[in-house]
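> Sequence:
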Amino acid sequence: MTNPLRDRTAQVPVEAQQPDDLVERMQGDDLDAFEEFFNTYKRPIFATALAITRDQFVAEEVLQDCFVKAYRVRERLDPGRSPLPWLQRVAINMCYSRVTRRGATVEPITNLITNLVVDLAARPDQVVESREVLEVLQRGIDALPPKQQTAIILYYLHGYSLAESAEIAECNVGTMKSRLHYALKALRARLPVERRVPVTSVKPAHRGVGR
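With numbering that gives the first Met the number 0, the residue at position 161 of the sequence shown is 160, and numbering never jumps.
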């Protein structure tokens, strides 16, 4: 039976959806290309913004500002590389400059937690069925230091690899592993004892969701 918590392999990488000449066309002041650029990358950027700010209005504001900045500095983008890591980095910085916890929206953060519990809980299916435990984990995520919270969002919400997460967060892979380790340790401590995986197992599992 397929574990629904791990059913992320069917996701198509955003990079695979990008036409080869999209950035180049945008650099040539092609407004249609910019619209296509926005439509290609808006979903993961909005998901990041919403997961951090927990406020739909602020997340939409960050989304717009992020792409306005991308258009303004379009000449600096490398047509040979995916712009997504750069966009994520810009969005994350914008989020933490105006972060608010009002008007929380449930869906994206629920997706994040259901991915998290695979590594945290002895019986992930039981944890996901428990609203109380999900709320405990949500408060735990909110309480994490910004760098650990960012690591959790990149790795568990978007399914970036350790190397990709480190690139976006502008740190080395060892630092990213450390941030994830301490974040998972803090979150695990909030779970009821009977729900926890053994402490020696509190480490991020390999992701690589279509990436």
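If you are wondering where the hints come from, they were derived from the structure by calculation, not from laboratory data.
Any given hint might turn out to be false.
[As the list claims (entries may be wrong)] Straight-line Cα separation of at most 25 Å, BS3-like style, residue types lysine-lysine; simulated pairs:
1. K41 with K68
2. K184 with K146
3. K184 with K41
[Unchecked claim] Simulated DEER-style distance windows between Cβ atoms:
4. E34 with V172: 30 to 40 Å
5. G173 with N92: 19 to 29 Å
6. D141 with D28: 16 to 26 Å
7. E34 with R97: 43 to 53 Å
Glycine included, each C-beta is placed from N, C-alpha and C at the ideal position.
> Name the hints, by number, that the structure is in violation of.
3, 6 and 7
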